[in-house]
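Heads up: the protein sequence lines correspond to chains B and C, in order. By the UniProt record's numbering, the letter at position 32 of the first sequence is numbered 32, and the numbering carries on one by one without gaps. By the UniProt record's numbering, the letter at position 67 of the second sequence is numbered 67, and the numbering carries on one by one without gaps.
Keep in mind that the hints were calculated from the coordinates and are not lab data. Careful: at least some of the hints might be erroneous.
Copies of the same chain are indistinguishable here, so a pair counts whether it falls within one copy or spans any two.
[Stated by the list, open to error] Only pairs whose alpha carbons sit at most 25 Å apart, straight line, appear in this in silico PhoX-like list of lysine-lysine:
hint, residue 1, residue 2
1, LYS482, LYS290
2, LYS477, LYS290
3, LYS33, LYS313
4, LYS258, LYS183
5, LYS150, LYS258
6, LYS477, LYS442
7, LYS254, LYS150
8, LYS303, LYS442
9, LYS33, LYS482
10, LYS313, LYS150
11, LYS303, LYS183
12, LYS150, LYS183
13, LYS416, LYS437
14, LYS254, LYS183
15, LYS303, LYS505
16, LYS416, LYS442
17, LYS416, LYS150
18, LYS477, LYS531
For clarity, every value in this text was computed on a predicted model and none was experimentally measured.
Number of protein chains: 2
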Amino acid sequence: MTERLYLFDTTLRDGQQTQGVQFSTPEKMAIAKSLDELGIDYIEGGWPGANPTDSEFFHVRPQTRATFTAFGMTKRAGRSAENDDVLAQVMQAETPAVCLVGKTHDFHVTTALGITLEENLENISASVAYLKRENREPLFDAEHFFDGYKANPDYALSCVLAAYEAGARWVVLCDTNGGTLPKEVEAITRAVIDAGIPGDHLGIHTHNDTGNAVANSLAAVDAGARQIQGTLNGLGERCGNANLITIIPTLMLKEPYKSVYEIGVPQEALISLTRVSRQLDDILNRVPTKSAPYVGGSAFVHKAGLHASAILKDPTTYEHIDPALVGNERVVPMSNQAGQSNLRARLQAVGIALEKGDPHLSEILDAVKAREDQGYAYDSAEASFELVARGILGTLPNYFDVERYRVISERRRNAKGRIVVESEAMVTVRYPDGVEKTSFFKNEHPQEMSDDGPVNAIWLALQADLGPYQASIEPVKLTDFKVRITQGGIEAVTRVIIDFTDGEKRWSTVGVSSNIVDASFAALLDALVWKLLDDGVRPA
Amino acid sequence: MTERLYLFDTTLRDGQQTQGVQFSTPEKMAIAKSLDELGIDYIEGGWPGANPTDSEFFHVRPQTRATFTAFGMTKRAGRSAENDDVLAQVMQAETPAVCLVGKTHDFHVTTALGITLEENLENISASVAYLKRENREPLFDAEHFFDGYKANPDYALSCVLAAYEAGARWVVLCDTNGGTLPKEVEAITRAVIDAGIPGDHLGIHTHNDTGNAVANSLAAVDAGARQIQGTLNGLGERCGNANLITIIPTLMLKEPYKSVYEIGVPQEALISLTRVSRQLDDILNRVPTKSAPYVGGSAFVHKAGLHASAILKDPTTYEHIDPALVGNERVVPMSNQAGQSNLRARLQAVGIALEKGDPHLSEILDAVKAREDQGYAYDSAEASFELVARGILGTLPNYFDVERYRVISERRRNAKGRIVVESEAMVTVRYPDGVEKTSFFKNEHPQEMSDDGPVNAIWLALQADLGPYQASIEPVKLTDFKVRITQGGIEAVTRVIIDFTDGEKRWSTVGVSSNIVDASFAALLDALVWKLLDDGVRPA
Numbered sequence: 001m002t003e004r005l006y007l008f009d010t011t012l013r014d015g016q017q018t019q020g021v022q023f024s025t026p027e028k029m030a031i032a033k034s035l036d037e038l039g040i041d042y043i044e045g046g047w048p049g050a051n052p053t054d055s056e057f058f059h060v061r062p063q064t065r066a067t068f069t070a071f072g073m074t075k076r077a078g079r080s081a082e083n084d085d086v087l088a089q090v091m092q093a094e095t096p097a098v099c100l101v102g103k104t105h106d107f108h109v110t111t112a113l114g115i116t117l118e119e120n121l122e123n124i125s126a127s128v129a130y131l132k133r134e135n136r137e138p139l140f141d142a143e144h145f146f147d148g149y150k151a152n153p154d155y156a157l158s159c160v161l162a163a164y165e166a167g168a169r170w171v172v173l174c175d176t177n178g179g180t181l182p183k184e185v186e187a188i189t190r191a192v193i194d195a196g197i198p199g200d201h202l203g204i205h206t207h208n209d210t211g212n213a214v215a216n217s218l219a220a221v222d223a224g225a226r227q228i229q230g231t232l233n234g235l236g237e238r239c240g241n242a243n244l245i246t247i248i249p250t251l252m253l254k255e256p257y258k259s260v261y262e263i264g265v266p267q268e269a270l271i272s273l274t275r276v277s278r279q280l281d282d283i284l285n286r287v288p289t290k291s292a293p294y295v296g297g298s299a300f301v302h303k304a305g306l307h308a309s310a311i312l313k314d315p316t317t318y319e320h321i322d323p324a325l326v327g328n329e330r331v332v333p334m335s336n337q338a339g340q341s342n343l344r345a346r347l348q349a350v351g352i353a354l355e356k357g358d359p360h361l362s363e364i365l366d367a368v369k370a371r372e373d374q375g376y377a378y379d380s381a382e383a384s385f386e387l388v389a390r391g392i393l394g395t396l397p398n399y400f401d402v403e404r405y406r407v408i409s410e411r412r413r414n415a416k417g418r419i420v421v422e423s424e425a426m427v428t429v430r431y432p433d434g435v436e437k438t439s440f441f442k443n444e445h446p447q448e449m450s451d452d453g454p455v456n457a458i459w460l461a462l463q464a465d466l467g468p469y470q471a472s473i474e475p476v477k478l479t480d481f482k483v484r485i486t487q488g489g490i491e492a493v494t495r496v497i498i499d500f501t502d503g504e505k506r507w508s509t510v511g512v513s514s515n516i517v518d519a520s521f522a523a524l525l526d527a528l529v530w531k532l533l534d535d536g537v538r539p540a
Numbered sequence: 001m002t003e004r005l006y007l008f009d010t011t012l013r014d015g016q017q018t019q020g021v022q023f024s025t026p027e028k029m030a031i032a033k034s035l036d037e038l039g040i041d042y043i044e045g046g047w048p049g050a051n052p053t054d055s056e057f058f059h060v061r062p063q064t065r066a067t068f069t070a071f072g073m074t075k076r077a078g079r080s081a082e083n084d085d086v087l088a089q090v091m092q093a094e095t096p097a098v099c100l101v102g103k104t105h106d107f108h109v110t111t112a113l114g115i116t117l118e119e120n121l122e123n124i125s126a127s128v129a130y131l132k133r134e135n136r137e138p139l140f141d142a143e144h145f146f147d148g149y150k151a152n153p154d155y156a157l158s159c160v161l162a163a164y165e166a167g168a169r170w171v172v173l174c175d176t177n178g179g180t181l182p183k184e185v186e187a188i189t190r191a192v193i194d195a196g197i198p199g200d201h202l203g204i205h206t207h208n209d210t211g212n213a214v215a216n217s218l219a220a221v222d223a224g225a226r227q228i229q230g231t232l233n234g235l236g237e238r239c240g241n242a243n244l245i246t247i248i249p250t251l252m253l254k255e256p257y258k259s260v261y262e263i264g265v266p267q268e269a270l271i272s273l274t275r276v277s278r279q280l281d282d283i284l285n286r287v288p289t290k291s292a293p294y295v296g297g298s299a300f301v302h303k304a305g306l307h308a309s310a311i312l313k314d315p316t317t318y319e320h321i322d323p324a325l326v327g328n329e330r331v332v333p334m335s336n337q338a339g340q341s342n343l344r345a346r347l348q349a350v351g352i353a354l355e356k357g358d359p360h361l362s363e364i365l366d367a368v369k370a371r372e373d374q375g376y377a378y379d380s381a382e383a384s385f386e387l388v389a390r391g392i393l394g395t396l397p398n399y400f401d402v403e404r405y406r407v408i409s410e411r412r413r414n415a416k417g418r419i420v421v422e423s424e425a426m427v428t429v430r431y432p433d434g435v436e437k438t439s440f441f442k443n444e445h446p447q448e449m450s451d452d453g454p455v456n457a458i459w460l461a462l463q464a465d466l467g468p469y470q471a472s473i474e475p476v477k478l479t480d481f482k483v484r485i486t487q488g489g490i491e492a493v494t495r496v497i498i499d500f501t502d503g504e505k506r507w508s509t510v511g512v513s514s515n516i517v518d519a520s521f522a523a524l525l526d527a528l529v530w531k532l533l534d535d536g537v538r539p540a
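With the rest of the complex left out, here is chain B:
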């Protein structure tokens, strides 16, 4: 017999409190759709009436299997719930569930609200009872509950009991300031259950201010709570909320949770986890966190030489789960720490099988090390690594040669006397049949500082016409561009790492030069060659 554990997502409400985050309505719709497909039980959409975007989203409203929830606060003192205009706007959103935040810390009641402790209790009871009368599923977010309990346990308990007794389906214990540690969360959650609120009516809402948001959520479940609130990728005010992307696979793949609890996420949806996480980063135009548990680009990267050789024998030697279960991938990168077994594993990952002891191995290793000494880094630039290896193995087709490129950036006053910045580029390519072709890109913007620079210009010139290879090259896009000044031998050089996608695959390349344009150019070329190779294109 498993027990049901519920997941409540607040990406669209608390997640929007993240510094720099402001979702549009279409973005909120896309996120709600992903949450629903994943199997989240409750989707909190925002605070109707608090700002125009939140109100618009509730007007458009997504169609979800999940319980769509509006956030608000308990009525204010000195008026009835029916006559509170702030609460009225929340009710007008007509959601099946409403989650109201209220005070439970005596200091906040008297200092921040400036009302009596009794008035606050009445606000809680009356608001929850009103939701129930209106046939909404009532949730109560007990703000500052853990700090409140430590300051005045009797009063904090009387607040959550008031909500429960008035009919709250869920009383959610919130670590609003994020400073509570797992042991305290567990003990205080137990105290609430002992005081009379059953665990299957208790939720937990944590923040990551001490790096313990996930552990605090698990601690509350260990104590008996049966709802977890969190966000995708741990978005949220300050250091963020509990990361559901981390919690979901832990509950589904790890003991004791796996055997004891059942959540709404079906096993077959778990493999979409990495995609859902990256989708949110795409919407926010953020670079995905490589070190993110389960779904990060580095989460199953084996850089240490000893680890890589064991992984070849059996992946469970250095992996806590199979990365495929969450839609992620194993990566064995090259670095100058790696030995031949690392190299073999890495080659295998890109489809090149070499026997142990193959003399090419030391040749490739030497080449990679020599290039690393010049400032190259192949940890993340796997596509460039593959090209180096294929070059040595003689399995790299010669698709084209670049005879020449030329890029110009210029700042000047235009005819109207305004400053304009423009870049243009030309590239001359020679194909194996001896034909030379030159392609161009020119950009001019009327506004100051608004062109995208020489690297973009050269990329667009390359992509404008790559003759017989155009169909393969067309869908390729740059997704990230990293520049580092580093040491190449005795001189400072520029290392450029560029990430690419064609809408399906993602790959990265590296270029090094004392000239940033030339370093970028090398990385761009590698990306194009890799794409042709991956598509199985034959040299024209």
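Given the coordinates of chain B, work out where chain C should sit on it, guided by the hints.
Just chain C now, with coordinates in the frame of chain B:
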């Protein structure tokens, strides 16, 4: 009576296993110095003999108050510790402490090593005993200990007991694959103590694969372990190691740890925590994680309207600690009241004294914030900050206007058929008397990839002839050039920070644009203007 808890840093060893991280020797020296100043007890420098960089660092070796530690592995089967060449290289580093990793999971012994369980026990005992005979403080990293204990508790315990009985000062329980949860860590650590290894000889080494590295470290301490291994900013293989930057303030500021334990970090060093964290990001050219606990740029940002107004009444309403304790800052986006006193202090630092309440303060604050929203960063670019302030105060002379610049980078075959890369630049400057002058720089190198690129070309063109200001400009040199792709409003922009010197003073400027050449150009111009201002030069 407090108990001593020891901190062991492995940023330079396990941290270097992070994808994309490769420290140079000067970088390792700088990090070791910061760790030592912070009060870390053990600094693990790497694995002598494993690669040239690690070996070089042990050759140069930092002078530290902390116990400088070399990493290695237990001797291999079939030879004595004295005759193991890998171990010999570790010993040759002559460090006061040596930390050897060894197997404790039966499956790894037989599968990865391919030796008998008895041979492995002998390897552990003999290696630790050898360290002790050689007067090194012996540490034993019990690899895969938690997984090993779950698979075969008797054998896992016999391994750590062998290390302890052979004289290991510390037996470190490693959650190598990072999949163990806090409850398990606590229970298994207790089992080790029950089996006979005292807690003050036990360490904990965790990874963040389930987002619980910090919680797992605390759970082991709760069970009795007295050494915590971790890294700065949670660097480390895959999802990273336990983050010491998070653990240190938790131990020093949070109960029960604060009252029960004493660590080597003095109270006065705690305020350097934010700086130490950002320094590492600078070395790695990484954008600091805004949501990082304690030290992140968003860790004390109060975006929610309700929170911000309460914070104004009393900061403890929505902060779990005072941000100043860890050298961080409160940010209340809607109120520039708190910002003004900061701003006055910063202006004073560059020689601009403004009275409290001066209306220019909010004007400057607004301008700086608006530019920060576009991607500018003034933390280190003080010269550019001063120019922004002087522009608003009307004390910025107009030395010259740049009417136009043009920079070309070209790659082509020269007359002898060799690839050459060349850059050239021209800049047209108009002086206050209306005179326009154009200066040039052209560079051509016969070798592949050997010119210094468009930014260098434009700098040399500017410096070639700045008319009446030439004497001031002549001695100026670029000493560092940092490029970061960052967020400017909703688009990715390039931020360039350049450091300059004239042989006496040093100053830094910032430029932002979607075009890297234009961003660099803005920073170069700021540097020249600041130098003229600092020299007291009057506009021609």
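Which of the numbered hints above does this structure break? 3, 8, 11 and 17
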